[in-house]
Structures are given as structure tokens and as C-alpha cells.
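First to last, the sequence lines map onto chains A and B.
Going by our numbering, the first residue of the first sequence is number 1, and it counts up by one from there.
Going by our numbering, the first residue of the second sequence is number 1001, and it counts up by one from there.
Wrong hints could be hidden among the right ones.
[As the list claims (entries may be wrong)] With a Cα cut of at most 20 Å, we get these calculated EDC-like pairs of lysine to aspartate or glutamate:
#  : chain 1 : residue 1 : chain 2 : residue 2
1  : B       : K1006     : B       : E1076
2  : A       : K72       : A       : D25
3  : A       : K98       : B       : E1037
4  : A       : K6        : A       : E76
5  : A       : K73       : B       : E1100
6  : A       : K72       : B       : E1100
7  : B       : K1073     : B       : D1009
8  : A       : K98       : A       : E66
9  : B       : K1072     : A       : D102
10 : B       : K1072     : B       : E1023
11 : A       : K98       : B       : E1053
12 : B       : K1006     : A       : E41
13 : B       : K1072     : A       : E100
14 : A       : K6        : B       : E1053
15 : A       : K73       : B       : D1102
16 : B       : K1073     : B       : E1041
17 : A       : K73       : A       : E100
18 : A       : K72       : A       : E33
19 : A       : K98       : A       : E33
20 : B       : K1098     : A       : D9
21 : B       : K1073     : A       : E37
22 : B       : K1006     : B       : E1030
23 : A       : K98       : B       : E1041
24 : A       : K72       : B       : E1030
25 : A       : K72       : A       : E41
26 : B       : K1073     : A       : D102
27 : B       : K1072     : B       : E1041
28 : B       : K1006     : B       : E1053
29 : B       : K1098     : A       : E41
30 : A       : K98       : B       : E1033
31 : A       : K73       : A       : D102
32 : A       : K73       : A       : E41
33 : B       : K1073     : B       : E1037
34 : B       : K1072     : B       : E1037
35 : B       : K1098     : B       : E1037
36 : B       : K1098     : A       : E30
37 : A       : K6        : A       : E53
38 : B       : K1098     : A       : E37
39 : B       : K1098     : B       : E1066
Because the hints were derived from the structure by calculation, they are not lab data.
2 protein chains.
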Amino acid sequence: MSEIAKTPDPPYYAVIFSSHRTEGDNGYTEMAERMVELASEQPGFLGIESARENLGITVSYWASLEAISNWKKNAEHRAAQRLGHRQWYARFRVRVAKVERDYGI
Amino acid sequence: MSEIAKTPDPPYYAVIFSSHRTEGDNGYTEMAERMVELASEQPGFLGIESARENLGITVSYWASLEAISNWKKNAEHRAAQRLGHRQWYARFRVRVAKVERDYGI
């Protein structure tokens, strides 16, 4: 159950991953849970938020572009990315963004 | 039903709004739909994506910080923000971020 991420004061980075799934699970749920676990072990990981209705949105937060680049190149993550392309996602868009300010209650 | 936003080539801006709702609707759904409609009429609006499970995530995309600032100050939007603080949101965080690159399928 996703919660609002406890991120530090900006600046930091966000990776906004918006996707439409294909039909069926096909091992997706297990892999998605593993990827959250694995991401959270990476240097520079700051938090992750996720929700899905028809559209799925996952936002992960990172200390630097280098941390994002290293995570993208992680071998186990790359294997998951390939399966994502082939099987799990009908469409997706990844946006890498620098968080400049934040506020809330 | 939210779809992946058709945004232009970066750079552009994202406002990531992550929230936990209070119990009950209390006029929230109608106002949320109105705010999407109103936002989409604003200068510099590029698109919006939304999903909610336990956590809700709405990402709106904008051409500039000025466009975001003007939207934040919109009178009808300000009235909705006040109700959001008082009634609809147990917690929320707004993050304003500059999208530096994007890719997808």
C-alpha cells in the first residue's frame, strides 16, 4: 500500500512512469514488488509512490541524475525492463524531472 | 478515464500532487472533474494524468513556471484548494518539477 514519500528538501529528482498494462498478470505483480524492493536498496533512492486505475502512475524519487542512471542500468532492473517492453505494458512514458520545490500538509 | 498525456518535447514542467483522501465524497468528485476541465482551459496547460488506489497521484504538465503560478492563483481553483485543505485531504504533497527528458512506447 503506497504512501506519500518522505523526501528531503528540494532539489532532488523524480522519475514519473505512466503506463497502460496489457491483459493478465503474467508475473507482473511479483516483479513490480521486487523492483520496488530493489530500487529502495540503490544509492540515492529517496522514495516511491504508486497508484493504478486504468492508468498506472509510479513516481520514484532520487538524489541525483547519476543515481537514476545507475538504477536504469542495474542488471536485474534491465531484465524487468525488457519484460515490460515485451509483455506487461501496452504503452508507457518515462519522464525524468528535477523537483524544484514542494509543499503540503 | 485518465490516459497518458501527449506532452511536447522537454523541457516542460510537471506538478506532482500526491494525496490521501478523508472519508466520504463531500463534493470531491464533482469538484475534481471541474478542476480538470478548468485547468485544461488555462494558458500553458499541456496535459494531466491521474490514478488513485489508497494513495492518489495526479500529475499535471505545464509549459512554464508562470503558467503553474497563474493556475495556482486562479480564483475558482483557490476556492477548491481551500476546501481541499479543510475537507478532502488528510495529507497531500505538491512537487513542482522541470521535466528534462522523456521516452516511451
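Hint by hint, here is what the structure shows:
| no. | hint | verdict |
| --- | --- | --- |
| 1 | B:K1006 to B:E1076 | violated, 26 Å |
| 2 | A:K72 to A:D25 | violated, 23 Å |
| 3 | A:K98 to B:E1037 | violated, 27 Å |
| 4 | A:K6 to A:E76 | violated, 26 Å |
| 5 | A:K73 to B:E1100 | holds, 19 Å |
| 6 | A:K72 to B:E1100 | holds, 16 Å |
| 7 | B:K1073 to B:D1009 | violated, 26 Å |
| 8 | A:K98 to A:E66 | holds, 13 Å |
| 9 | B:K1072 to A:D102 | holds, 14 Å |
| 10 | B:K1072 to B:E1023 | violated, 25 Å |
| 11 | A:K98 to B:E1053 | violated, 25 Å |
| 12 | B:K1006 to A:E41 | violated, 33 Å |
| 13 | B:K1072 to A:E100 | holds, 16 Å |
| 14 | A:K6 to B:E1053 | holds, 19 Å |
| 15 | A:K73 to B:D1102 | holds, 16 Å |
| 16 | B:K1073 to B:E1041 | holds, 14 Å |
| 17 | A:K73 to A:E100 | violated, 25 Å |
| 18 | A:K72 to A:E33 | holds, 17 Å |
| 19 | A:K98 to A:E33 | violated, 25 Å |
| 20 | B:K1098 to A:D9 | holds, 16 Å |
| 21 | B:K1073 to A:E37 | violated, 39 Å |
| 22 | B:K1006 to B:E1030 | violated, 24 Å |
| 23 | A:K98 to B:E1041 | violated, 26 Å |
| 24 | A:K72 to B:E1030 | violated, 39 Å |
| 25 | A:K72 to A:E41 | holds, 13 Å |
| 26 | B:K1073 to A:D102 | holds, 16 Å |
| 27 | B:K1072 to B:E1041 | holds, 13 Å |
| 28 | B:K1006 to B:E1053 | violated, 23 Å |
| 29 | B:K1098 to A:E41 | violated, 26 Å |
| 30 | A:K98 to B:E1033 | violated, 28 Å |
| 31 | A:K73 to A:D102 | violated, 28 Å |
| 32 | A:K73 to A:E41 | holds, 14 Å |
| 33 | B:K1073 to B:E1037 | holds, 16 Å |
| 34 | B:K1072 to B:E1037 | holds, 15 Å |
| 35 | B:K1098 to B:E1037 | violated, 23 Å |
| 36 | B:K1098 to A:E30 | violated, 32 Å |
| 37 | A:K6 to A:E53 | violated, 23 Å |
| 38 | B:K1098 to A:E37 | violated, 27 Å |
| 39 | B:K1098 to B:E1066 | holds, 13 Å |
The structure fails to meet hints 1, 2, 3, 4, 7, 10, 11, 12, 17, 19, 21, 22, 23, 24, 28, 29, 30, 31, 35, 36, 37, 38 from the earlier list, while all remaining hints are met.
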